[in-house]
Amino acid sequence: MSSLFALVDHPAAALLGGALIGAAASLLWLGLGRIAGVSGILGGALRPGAASAGDERVWRLAFLTGLPLGAAITGLAGFAPRVEGLASGPVLIAAGLLVGFGTRLGNGCTSGHGVCGLPRGSLRSLVATLTFVATGMLTVFVVRHGIGG
Amino acid sequence: MSRLVALLSGTVFGVGLTLSGMVSPARVLGFLDVAGAFDATLALVLGSALVVSFVGLRLARRRTTPLCAERFSEPAARRVDARLVAGAAIFGVGWGLGGFCPGPALAGLALGVPQVFLFVAALVLGVLLHDRTLGREA
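In the order they appear, the protein sequences are chains A and B. Going by this note's numbering, the first sequence wraps up at 149, each residue one higher than the last. Going by this note's numbering, the second sequence wraps up at 138, each residue one higher than the last.
Treat the hints with care, since some could be wrong.
Stretches of chain A that chain B covers, calculated by requiring three or more beta carbons in the stretch to come under 8 angstroms of a beta carbon on chain B [claimed, not checked]:
hint, region
1, 13 to 24
2, 27 to 40
3, 64 to 73
4, 83 to 96
5, 126 to 133
Here are some, though not all, of the chain A residues that point toward chain B, as calculated from beta-carbon distances under 7 angstroms [to be verified]:
hint, residue
6, HIS10
7, TRP59
8, LEU76
9, ALA80
10, THR103
11, LEU105
12, GLY106
13, CYS109
14, SER111
15, VAL115
16, HIS145
In short, the hints are calculated from the structure, not lab data. Backbone N, C-alpha and C fix where the C-beta goes; we use that ideal spot for every residue, glycine too.
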């Protein structure tokens with residue numbers, strides 16, 4: 001896939017992007033003492049009652065607002081990749097339900113368990129990360145190579 | 001102040017997810033497709049993020065309190081239990097089906113792709129479905 005900007009889709013963009021993700025997680029921990037786990041922050045922001053305790057919901061909403069804001073800035077600068085490989089509507093709905101339910105049941109997703117939990121030396125995060133990568137690979141295998149593939 | 005830090009962190013996070021290509025399911029599914037055209041980009045992104053967050057978390061350890069909060073909120077759970085493994089397994093299946101995890105999906109809302117909204121709506125529903133039934137506080 002050729003692109004206007006050489007950095008898009010380049011390994012250097014992956015390394016730089018990853019470093020920024022790590023820096024963002026470090027900043028949230030250093031500043032607020034919070035794990036930058038997107039599913040947990042989303043769950044907390046959606047929680048009724050407890051979250052209405054002022055700041056508890058506000059910082060979560062601020063963080064969540066930053067995610068698309070950062071994407072928009074990157075896009076305006078011309079460094080956003082094309083969003084490709086989209087599944088059909090019904091599959092995306094099923095995927096969203098499973099990701100939402102599973103990450104809350106398992107207390108974390110790629111960011112909380114992966115980016116934050118692994119460097120914290122958490123055994124729970126290591127087990128969770130190995131598990132979701134394994135079932136993710138298994139799912140892709142079945143979808144792409146198992147059914148009539 | 002804490003709001004600004006949270007907004008800044010989220011924004012930098014969103015820039016990182018977008019710049020690294022993780023907002024595109026094709027990249028994520030390529031990494032998970034070990035039997036097909038394997039794409040190692042996700043491993044590069046995660047590896048790079050881990051190096052930086054490892055250093056960042058170490059530096060923060062020199063402090064007894066965060067800069068704008070009263071304490072570091074360490075996750076209380078320590079034990080590996082069935083709930084953790086089952087949740088991670090379910091998440092992985094959804095991740096493999098759609099190629100989206102929560103961070104890239106929320107960031108991707110700004111990229112003008114209608115399907116992302118569909119995924120995020122289902123994601124929110126899935127979160128609520130869990131928290132209103134099996135949530136610890138429920």
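Outcome of the hint check:
As drawn, the region 13 to 24 of chain A meets chain B at 12 residues by the rule of a beta-carbon pair under 8 angstroms; at three or more, the given contact holds. Note: the region 27 to 40 of chain A has 12 residues with beta-carbon separation from chain B under 8 angstroms; the three-residue rule is met and the coverage holds. With 10 residues carrying a beta carbon less than 8 angstroms from a beta carbon of chain B, the region 64 to 73 of chain A meets the three-residue requirement, and the given coverage holds. Counting residues of the region 83 to 96 of chain A whose CB lies closer than 8 angstroms to any CB of chain B gives 12, which reaches the minimum of 3, so the coverage claim holds.
Counting residues of the region 126 to 133 of chain A whose C-beta lies closer than 8 angstroms to any C-beta of chain B gives 6; at least three are required, and the coverage claim holds. Look at HIS10(A): its Cβ only gets to about 9 angstroms from chain B, farther than 7 angstroms, so that hint breaks. At a threshold of 7 angstroms, the smallest CB-CB gap from TRP59(A) to chain B is about 4 angstroms, leaving the interface hint in force. Taking 7 angstroms as the C-beta cut-off, the interface hint given for LEU76(A) is violated, the closest approach to chain B being about 10 angstroms.
Nearest Cβ of chain B to the Cβ of ALA80(A): about 5 angstroms, under the 7 angstroms cut. The hint holds. Against a cut-off of 7 angstroms between C-beta atoms, the interface hint on THR103(A) holds, since the closest Cβ of chain B lies about 5 angstroms away. Evaluation of the LEU105(A) hint against chain B yields a held restraint, the C-beta minimum of about 3 angstroms falling below 7 angstroms. The interface hint given for GLY106(A) is met, as the beta carbon of that residue sits about 2 angstroms from the closest beta carbon of chain B, less than 7 angstroms.
The beta carbon of CYS109(A) is positioned within 7 angstroms of a beta carbon in chain B (closest approach about 5 angstroms), and the interface hint is therefore held. Hint on SER111(A) holds. Least Cβ distance to chain B is approximately 5 angstroms, under the 7 angstroms limit. Taking 7 angstroms as the C-beta cut-off, the interface hint given for VAL115(A) holds, the closest approach to chain B being about 5 angstroms. For HIS145(A), the shortest C-beta to C-beta distance to chain B is roughly 5 angstroms, which falls under 7 angstroms, so the interface hint holds.
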